[in-house]
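S.K.: Go ahead and model the full structure; you've got the sequences and the hints to work with.
Sequence lines, in order, name chains A and B.
According to numbering that gives the first Met the number 0, the first sequence holds residues 0 to 219 in order.
According to numbering that gives the first Met the number 0, the second sequence holds residues 0 to 77 in order.
Hints may be right or wrong, so weigh each one.
Distance windows between CB atoms, simulated [as the list claims (entries may be wrong)]: (1) A:Gln135 to B:Glu26: 21 to 29 Å; (2) B:Glu7 to A:Gly124: 14 to 22 Å; (3) B:Glu26 to A:Asp68: 23 to 31 Å; (4) A:Ala14 to B:Leu29: 40 to 48 Å; (5) B:Ala44 to A:Ala21: 36 to 44 Å; (6) A:Asp95 to B:Ala51: 33 to 41 Å; (7) A:Gly188 to B:Pro53: 28 to 36 Å; (8) A:Glu139 to B:Asp67: 45 to 53 Å.
Now the stretches of chain A that chain B is said to cover, found in silico as 3 or more residues with beta-carbon under 8 Å [said to hold, decoys possible]: (9) 29–41; (10) 76–84; (11) 147–153.
These are computed hints drawn from the structure, not numbers from a lab.
Glycine included, each C-beta is placed from N, C-alpha and C at the ideal position.
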Amino acid sequence: MASPGRPDGEPRDRALVASLRAGDEQAFADLVDGWSGSMLRLARHHVATEAAAEEVVQDTWLAVLTGLDRFRGQASFRTWVYRILVNQAKTRGVRDRRTVPFASLAGGDEDGPTVDPSRFQGPEGPHPGGWRQFPQEWPEDVVLTQEVHEVVHRALDTLPPRQRVVVALRDLEGFEADEVSDLLEISAGNQRVLLHRGRSVVRAHLESYYTAAPVGSAGR
Amino acid sequence: MTCEEFVELVTAYLEGTLTPAQRAAFEEHLEVCPGCDTYLDQIRATIDVLGAVPPESLHGTARQRLLDAFSDWSAGSA
Ligand SMILES: [Zn+2]
Chain A
0 MASPGRPDGE PRDRALVASL RAGDEQAFAD LVDGWSGSML RLARHHVATE AAAEEVVQDT
60 WLAVLTGLDR FRGQASFRTW VYRILVNQAK TRGVRDRRTV PFASLAGGDE DGPTVDPSRF
120 QGPEGPHPGG WRQFPQEWPE DVVLTQEVHE VVHRALDTLP PRQRVVVALR DLEGFEADEV
180 SDLLEISAGN QRVLLHRGRS VVRAHLESYY TAAPVGSAGR
Chain B
0 MTCEEFVELV TAYLEGTLTP AQRAAFEEHL EVCPGCDTYL DQIRATIDVL GAVPPESLHG
60 TARQRLLDAF SDWSAGSA
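M.R.: Here is the structure:
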């Protein structure tokens, strides 16, 4: 749970806002590069086309600059920026007559087991519900190669949209659970289920990758 | 608790949202089951890998337009 006021976030946010006001272009470029990817993911939920999503992200950054004086530090700077994004995206979605509330994207993304049931023993086994075979261990020092990044990107692409955006905000961007529920207007329980399902799928993709590749193969 | 039940509680465990009784049962299972221990480690590794993926950004011209807008903005607001 985040504490009210986020005491450790505040000084960092103040420093960041101060450097933007002082015209620090590198600080702005770092923000744009760091956050635009997940902003795009979030924007795609409200607008019809990739081009519209990109425009929403650009408009958000412009709105951040013109509205910077109104940032009061009640929420974290990041939450403030993402709220602007959600508002911009919703407005754009309405204008384009594509009002797809986030909740309506649900459907089949919260049901069923997250691990293939055939991995577990049936009622006839000595330990019903126990692993038939333990998951194979992964290499000790997981090297984050380009190849691994591609596996993860492919896994994210296969996720239902709501799972994808929750995993992106939580695990790629490091948002807190309550920030994500707030931005997406979903319950804490819902947020956790989507995160759980999304992570399980990514794990399964990594498992196939780590256990299929011959040891010592190129790219490891 | 079976392994099949365990894997569905992993996120709630990591988020700290299990009840004390569920948490105790989860940790008890973890003590005795190497398969679920490995599974939990792999979920943790997955989170680490996700956190290390370089972010996608805007394409070059959109990015440059924003940086130009920033220069104009800071020249105007200075
Ligand atoms: Zn087990």
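S.K.: Does each hint fit the structure? Answer for all of them.
M.R.: Okay, the hints, checked on the actual structure:
1. A:Gln135 to B:Glu26: 21 to 29 Å: holds (24 Å)
2. B:Glu7 to A:Gly124: 14 to 22 Å: holds (19 Å)
3. B:Glu26 to A:Asp68: 23 to 31 Å: Because 50 Å falls outside the window, the suggested range is violated.
4. A:Ala14 to B:Leu29: 40 to 48 Å: The hinted range 40 to 48 Å holds for A:Ala14 and B:Leu29, with Cβ atoms some 41 Å apart.
5. B:Ala44 to A:Ala21: 36 to 44 Å: For A:Ala21 against B:Ala44, whose Cβ atoms are near 40 Å apart, the range 36 to 44 Å holds.
6. A:Asp95 to B:Ala51: 33 to 41 Å: Since A:Asp95 and B:Ala51 have Cβ atoms about 35 Å apart, the given range 33 to 41 Å holds.
7. A:Gly188 to B:Pro53: 28 to 36 Å: holds (31 Å)
8. A:Glu139 to B:Asp67: 45 to 53 Å: The hint (45 to 53 Å, Cβ to Cβ) holds, given that A:Glu139 and B:Asp67 are roughly 47 Å apart.
9. 29–41: Three-residue rule met by the segment 29–41 of chain A, so holds; n is 8.
10. 76–84: Check failed, 0 qualifying residues.
11. 147–153: holds (count 4)
Hint compliance for this structure: hints 3 and 10 are not met, and every other hint is.
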